[in-house]
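We have chain A; now place chain B onto it with these hints.
Chain residues, written in single-letter form:
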Amino acid sequence: MGSVLDVVRETQLPVLAVVLLLGAVAKFADRSQRGQGPAVLLPVGWRRAATLAHGVAEGTVAFALLGASGAAGGAAARIAAAALFACGVAALVVLRRTAPETGCGCFGGLSTAPVDWRSIARSALLAVSALAAVGVPATAAGVVVGASTGHAAVVAIETVLLGVLSPESAELARRATRRVPCAVREVPLKRTLARLRASDLWRINAALLEDTEPKDVWRHGCWRFVLFTGRRTGRCVDVVFGVPVEGRRPGVRAVIADRETGTLLSVLGGPADGGRADPVPATASAAADDHRAVGRPRAPRRPTSARQRDLL
Amino acid sequence: MPADLRARRRYTAAVLGERAAPEPTAAEDPDPVVRGVITDVSRHVVCVATSQGEERFLLDAATTLWCGREADRSALRVGDDALVRCRAGRWVAERIWLRIARVTGVIAARSGDTLEVDTGHTGGRRPVVIPYRSSGRIGVRHPVLEPGYLFDAIGVWEDGVVEAAVPATTQPPLAVWDAAPREVPAQAGNRVQGAVSWYDPAADAPEQAGLRGAAYPALDRDGDCGPECDRVRSCLPLPLLSLGTTVALRNECAEAAAVLPVLACASAAAHFCDSCADCGPGEQGRVAQLTLPSFVALGGRPEAGCFNATLTVGW
Numbered sequence: 060m061g062s063v064l065d066v067v068r069e070t071q072l073p074v075l076a077v078v079l080l081l082g083a084v085a086k087f088a089d090r091s092q093r094g095q096g097p098a099v100l101l102p103v104g105w106r107r108a109a110t111l112a113h114g115v116a117e118g119t120v121a122f123a124l125l126g127a128s129g130a131a132g133g134a135a136a137r138i139a140a141a142a143l144f145a146c147g148v149a150a151l152v153v154l155r156r157t158a159p160e161t162g163c164g165c166f167g168g169l170s171t172a173p174v175d176w177r178s179i180a181r182s183a184l185l186a187v188s189a190l191a192a193v194g195v196p197a198t199a200a201g202v203v204v205g206a207s208t209g210h211a212a213v214v215a216i217e218t219v220l221l222g223v224l225s226p227e228s229a230e231l232a233r234r235a236t237r238r239v240p241c242a243v244r245e246v247p248l249k250r251t252l253a254r255l256r257a258s259d260l261w262r263i264n265a266a267l268l269e270d271t272e273p274k275d276v277w278r279h280g281c282w283r284f285v286l287f288t289g290r291r292t293g294r295c296v297d298v299v300f301g302v303p304v305e306g307r308r309p310g311v312r313a314v315i316a317d318r319e320t321g322t323l324l325s326v327l328g329g330p331a332d333g334g335r336a337d338p339v340p341a342t343a344s345a346a347a348d349d350h351r352a353v354g355r356p357r358a359p360r361r362p363t364s365a366r367q368r369d370l371l
Numbered sequence: 006m007p008a009d010l011r012a013r014r015r016y017t018a019a020v021l022g023e024r025a026a027p028e029p030t031a032a033e034d035p036d037p038v039v040r041g042v043i044t045d046v047s048r049h050v051v052c053v054a055t056s057q058g059e060e061r062f063l064l065d066a067a068t069t070l071w072c073g074r075e076a077d078r079s080a081l082r083v084g085d086d087a088l089v090r091c092r093a094g095r096w097v098a099e100r101i102w103l104r105i106a107r108v109t110g111v112i113a114a115r116s117g118d119t120l121e122v123d124t125g126h127t128g129g130r131r132p133v134v135i136p137y138r139s140s141g142r143i144g145v146r147h148p149v150l151e152p153g154y155l156f157d158a159i160g161v162w163e164d165g166v167v168e169a170a171v172p173a174t175t176q177p178p179l180a181v182w183d184a185a186p187r188e189v190p191a192q193a194g195n196r197v198q199g200a201v202s203w204y205d206p207a208a209d210a211p212e213q214a215g216l217r218g219a220a221y222p223a224l225d226r227d228g229d230c231g232p233e234c235d236r237v238r239s240c241l242p243l244p245l246l247s248l249g250t251t252v253a254l255r256n257e258c259a260e261a262a263a264v265l266p267v268l269a270c271a272s273a274a275a276h277f278c279d280s281c282a283d284c285g286p287g288e289q290g291r292v293a294q295l296t297l298p299s300f301v302a303l304g305g306r307p308e309a310g311c312f313n314a315t316l317t318v319g320w
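So the sequence lines, in the order shown, correspond to chains A and B.
Counting in the working numbering, the first sequence runs from 60 upward without gaps.
Counting in the working numbering, the second sequence runs from 6 upward without gaps.
Listed below are the simulated SDA-like cross-link pairs for lysine to any residue, each with C-alpha atoms no more than 20 Å apart in a straight line:
1) K274/A x P247/A
2) K274/A x L323/A
3) K274/A x P232/B
4) K249/A x P232/B
Here are the simulated distance ranges between beta carbons:
5) W96/B x D270/A: 47 to 57 Å
6) A184/B x L231/A: 22 to 32 Å
7) W182/B x D270/A: 35 to 45 Å
8) D175/A x G144/B: 28 to 38 Å
9) V237/B x A88/A: 11 to 21 Å
10) A66/B x D317/A: 53 to 63 Å
11) T119/A x R11/B: 57 to 67 Å
12) D45/B x L268/A: 56 to 66 Å
13) G153/B x C146/A: 24 to 34 Å
No wet-lab data here; the hints were simulated from the structure.
Beta carbons: idealized from backbone N, C-alpha and C, even for Gly.
One chain only, chain A, in its complex shape:
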């Protein structure tokens, strides 16, 4: 019985260290002006500093739990962890009363769900865990190195328990399963250019281009347009590629136009005149259909003579 209790107490050290490290990293990563958790009770100018100070404290205690041993180092780290979580309980109770719509901020921007009994119970549980670990001779790193099946079982049980007590798990699941509609999705230009350069249309028309860096870039819902200057049969031309912002094999389209007159010389890779190609799905209910048809690009087809309509 004694050895089981020892295993449970030892296991608290790596669990606490991981929770504190994740909390610290999330607080450093959160850049919102509003701030999260108890920091929102402070004047706006102090919120970021308070959040960073909280993150530094958590990180310091986490590293102390990982490596410090003995009465001076080890016990102090565990008591500090217990104090951090106990203060967290008090702060969350106050936050729930004064700003009930605010998240606990325990894991930065992930903790935006309003504070409820679960967040408070989790902090209380972790405070008790830290107190239970006072007096354990090992360090968190030592426990991990010498972990047994018993330690793994306790970690598994605690992970489930913490998962149940964490509103962040629902948020994580929501973010993982949610698809941001292509029309509102921020897509880095680099990714668009990579998609373009992997396309057949790029390979076929690259020889026309004077420079491989775009001269203009613009967005139209689910499409991004990239303009290059080039020469074709002695004429200065604009080569404009339309690149869908999503789809695994995007159906890139292009037009080539005389730069001086604006006359279209070629339309490549898709319907251009009179074709319905909405930049965003027509209605929310039609989104799925439009994803197949236009909102989401179709798989590219090689620009054969039937699809490559030379206008001159």
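Same frame as chain A, but now just chain B:
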């Protein structure tokens, strides 16, 4: 190479089809909205110097004026900016707005009755004075006039400074940094309903007094919003667009519609999640800011500040 905005629309239409990027609607002929400077005033005629030349408008019994509030003809002064909505083939002035101005954004500083409002990365900070006679009306719709709170009021130019006269919409008693983070929309269609407000491009560039078009609150960061971009996520599912794109707008209050080019970034408008009460409560959030002449041409009343509209991208 500066972007050729007309070429953008043309190429977009070439790649996606004309319905995705229709041509902007031409102004009515004769254009019922005129912007200029008053050069002469008599009992029945007002002369306005526009970019096309000087024009005379008859003042009849039905002609109304607005200069911070409803005004009579004694408010007409030579040298004043005037926005005229005409009828009868551009002969008769139906309504004239004098020295009208608007300040929309986040309060950056306050000193007595003067606010400094951050109007976004393209407009910078603008001072606005709230005179005592307007402070009651402004205070009802803007309960807190402190840094960090939203401000949107219509007023008049007085000695180079905007004097707020009427609030545009009701703002929450929350600083922008205390507002709940906005969710990424789960769905986005090509039609979005919301409020349309106006801005005056002539405040920065007098030669643009008659400009027709719209500023849009969801410009692409890589394309046009740029490195100084301070755009936040709108509370409406607005498709990302760029300058030169055309959008169709339908005024649900006046049953008028037009296709307008996107001319500027309306990053400040993205902060506003208010609803327009001009013709009944509409959706919360702003879909666009029209230039002042476009707003009036589409049936808007500048002193009301907004109308409810449907924005369509690539119909």
